[in-house]
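Asks: With chain P's structure known, arrange chain E on it following the hints.
For the protein sequence lines, the chains are P and E, in the order given. What the first sequence shows, in our numbering, is residues 9 to 344, in sequence order. What the second sequence shows, in our numbering, is residues 9 to 344, in sequence order.
Calculated directly from the structure, the hints in this document are not laboratory data. Please note that a few of the clues may not be correct.
The list makes no distinction among identical chains, and a pair is therefore deemed to hold if it is satisfied within one copy or across any two copies.
[As the list claims (entries may be wrong)] List of simulated lysine to any residue pairs, SDA-like, C-alpha gap at most 25 Å:
{"#": "1", "residue 1": "254", "residue 2": "288"}
{"#": "2", "residue 1": "259", "residue 2": "302"}
{"#": "3", "residue 1": "30", "residue 2": "17"}
{"#": "4", "residue 1": "131", "residue 2": "210"}
{"#": "5", "residue 1": "329", "residue 2": "41"}
{"#": "6", "residue 1": "13", "residue 2": "146"}
{"#": "7", "residue 1": "131", "residue 2": "160"}
This structure is a prediction, so every number in the text was calculated from the model and none was measured.
There are 2 protein chains.
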Amino acid sequence: MGKDKISGDLGGGGQLSYDFVKEIILPAFNNPYLDRLDDGAVFDINGVRLAFSTDTFVADPIFFPGGSIGDLAVNGTVNDISMCGAKPLYISAGLIIEEGFPENDLKIILKDMAESADRANVKIVTGDTKVVPRGAVDKIFINSSGIGVVSENITVSCSNAKPGDKIILSGTIGDHGIAMLTQREAMEFETEIKSDTASLCGMVENILSFGRDIHVLRDPTRGGVGTVLNEIALMSGAGIFFYEEKIPVKKEVAGICEILGLDPLYIANEGKLIAVAAPDAASDILKSIRNDPLGCDAAIIGEVVSDFSGQVIMETGIGGKRIVDMLQGEQLPRIC
Amino acid sequence: MGKDKISGDLGGGGQLSYDFVKEIILPAFNNPYLDRLDDGAVFDINGVRLAFSTDTFVADPIFFPGGSIGDLAVNGTVNDISMCGAKPLYISAGLIIEEGFPENDLKIILKDMAESADRANVKIVTGDTKVVPRGAVDKIFINSSGIGVVSENITVSCSNAKPGDKIILSGTIGDHGIAMLTQREAMEFETEIKSDTASLCGMVENILSFGRDIHVLRDPTRGGVGTVLNEIALMSGAGIFFYEEKIPVKKEVAGICEILGLDPLYIANEGKLIAVAAPDAASDILKSIRNDPLGCDAAIIGEVVSDFSGQVIMETGIGGKRIVDMLQGEQLPRIC
Chain P
9 MGKDKISGDL GGGGQLSYDF VKEIILPAFN NPYLDRLDDG AVFDINGVRL AFSTDTFVAD
69 PIFFPGGSIG DLAVNGTVND ISMCGAKPLY ISAGLIIEEG FPENDLKIIL KDMAESADRA
129 NVKIVTGDTK VVPRGAVDKI FINSSGIGVV SENITVSCSN AKPGDKIILS GTIGDHGIAM
189 LTQREAMEFE TEIKSDTASL CGMVENILSF GRDIHVLRDP TRGGVGTVLN EIALMSGAGI
249 FFYEEKIPVK KEVAGICEIL GLDPLYIANE GKLIAVAAPD AASDILKSIR NDPLGCDAAI
309 IGEVVSDFSG QVIMETGIGG KRIVDMLQGE QLPRIC
Chain E
9 MGKDKISGDL GGGGQLSYDF VKEIILPAFN NPYLDRLDDG AVFDINGVRL AFSTDTFVAD
69 PIFFPGGSIG DLAVNGTVND ISMCGAKPLY ISAGLIIEEG FPENDLKIIL KDMAESADRA
129 NVKIVTGDTK VVPRGAVDKI FINSSGIGVV SENITVSCSN AKPGDKIILS GTIGDHGIAM
189 LTQREAMEFE TEIKSDTASL CGMVENILSF GRDIHVLRDP TRGGVGTVLN EIALMSGAGI
249 FFYEEKIPVK KEVAGICEIL GLDPLYIANE GKLIAVAAPD AASDILKSIR NDPLGCDAAI
309 IGEVVSDFSG QVIMETGIGG KRIVDMLQGE QLPRIC
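Isolated chain P (complex conformation) (with noise of 0.2 Å):
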C-alpha cells in the first residue's frame, strides 16, 4: 500500500481491494478460514457444517431498476453463503440509519428484504438498528450476514480449480452495474437496463447435486467476471482461458459500456454466478443452470490450463488473445 489515507478504489472490488486484503486485513486476523478468500467461512461445530458470511450494503441510489438495497442485502448474502456450496438458512440485518430518513422509504425496503428473504427460503432472525445524527451516514447502510448447511461431500473453494475444469457462466453480463449508474447519473436511454439482483440458491441447489465435481462457485459481484477469474486463477494456481464472444451479455449494456469506454468485464452483477467444474459433468451441469429462469443465458466460457499460473487469457473476437487483469481502480462507486 504504502499511502497512509485510505483510498476510495479500495472499495471497488479489483485488484487495489484484494491487496488491501491482502496485505492489511489478513495478516491483522491471521486464520486459515480467512487465508482462503473465499465468499464465507466454512466450519464445523460438534460434526455439522456450516458456511458463515457476511456483507455490508452502501448502494447509491437505494432504489433502482430491478430492486432496493433492501434486495441486495438478502441475495447479496444469500448468495455468498451458495458460493460457500451452502444451502443458507439464516440471516440477520444491521441497519445504519441516517437521522430524517423517510419512514416509508424504510418501510419499503424492509418489504424488499422481507420477500427477498421468502424466495431465497430464508429467515431473517437477527437485527440491530442504529440511527446516526444527520450527516454521520448516507441515507441508509445495511449489513446482512448470514448462516448456511454444507453437505458432507461438497468441496467447493476458489482454490478448488484443476486443469482440464470448464467454466460455466451463468448469465448475462454487467446488467446490475449498468442499471445503478444509468439511474445515478440520470442517463437517459431508449430501453431501461434492470438490476440483475437475484437470489441464486434455488440454481445453486441443483448445482451441488453433482456433489464433488463442482469445484468452485462464485458470484462476480464488485470486479465483475474479469475480476474473479483472476481471484480464481491466483487462488488455484492455474490459468484461465475464456472466449470472448461466448460471454454473454446484452445488446443494450454492451452499448451502454462502449459508449462510456467501460468493460463489462469489470461491471458488477448480482444475480450471475461462476461454476467451476470437472469436464466430464460440464455439459450437464450447463443443462441444470439453463433449466432455471435466472440461468437460461448461461454458457461455457472457457476452461482451466495449467499454462500462464494465476493468469487470466482471453481470445479476443477477431481471434488475439490478451491478458485480462484485476480491475484496476474503481469503475464504479457504491455499486452494491
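Replies: Chain E alone, transformed into the frame defined by chain P:
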C-alpha cells in the same frame, strides 16, 4: 410512530427504539426468532443448537479511554452471543470506511479487534470492506456478527424471568457512556473514567454451569440497566423490584451524572451483565461472578415479583418507591 421521518431518538436503545422495533421491524419480518427480542436468535441446525447475533458499531469517538470501536465491535457481539446462553466461536467483520481515513488508525482498530477476539477465544473468520466517498460515512463503522453454540440444558431468554428470581448485576454501571461523553465533549475532570468494554464470555461460561437455574442474561448496553430491566419485565410478564442503594456506581461516574443531570440507570455499559436466576442458586451464582476479575463489584440488586406485571419499581435510598421507565428519548447518541 406516526411520524414520517426517522428520529435520532430511535437509536438510543430506550422506549422509542423498543416501539420502533415492535411496530416497524418485527411486523416486516414476522417470525418467532425475532419476536423474542433477545440479544440474538437461537435455532437448531441438524441437531446442533446455535446462537446467531449481529451488531453495528457507530461509536464516536472511535478511540476512547479503555478501548476503541474495534474492541467494542468484537466484545459487543461476543457478549450478545453469550447473553443467548451460548459459547461464542466465530465472528465476522464488516467494515465501512470513509475515503481518506488514516491507514494507521485502521491498523490500530484491526489490532484491537484481533486482540479482543484472542481474549474471547473466538476467530474472525469472514469479512467485508466497503470504502465510501468522503461524507458518505463518518470515519469508520463496523458490523460484527457471530455464531456460538448453546448447550442442551440452557434455556436463557428475556421472557424467562419468574417471580421469586433474584436479579444480579455484575458490576458498576455507566462507565462506558460517561467515558465516551467526557471524551466527546472534551470535558476536564480530575480522574479519567475508562470504558468498561470487555468480553463477558468467560464469566458467562461459569454462570452457565448452573444450567436451568439461569433464566435471563442481558448486557445493559444502549438504554442502560433501567431499560433492560423494563424489557425483561415486559417480555416475562412479571414485575421487577430493585434497591437503588444496591446498584454499584463509581463515585466519579455518579459525580459526573449529577453535574450533567444524567441518570446512571440509563447510561450504556459495554462489559456488564444482568443475570436473573432461581432464588436457591442466586448466592452461588453471585460468588461465581465475583470470582471473575470483571465481576468483583457484582451484587444482587433485587428480585422478580408477581405484582406490577411489566413494570420496574425502585426503592430509593431514602426508602421511597418509584417506577423506573425505559429510557425516554436518547441520552447520548453514537455511544457504541
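Asks: Now, for every hint given, state plainly whether the structure supports it.
Replies: Here is what the structure says about each hint:
1. 254 / 288: within (20 Å within a copy, 72 Å between copies)
2. 259 / 302: within (18 Å within a copy, 63 Å between copies)
3. 30 / 17: within (15 Å within a copy, 40 Å between copies)
4. 131 / 210: within (15 Å within a copy, 30 Å between copies)
5. 329 / 41: neither (35 Å within a copy, 54 Å between copies)
6. 13 / 146: For residue 13 and residue 146, both the intra-copy (21 Å) and inter-copy (15 Å) Cα distances are at most 25 Å.
7. 131 / 160: Cα proximity of residue 131 and residue 160: in one copy and across copies (23 Å, 23 Å).
Violated hint for the displayed structure: number 5, the only one.
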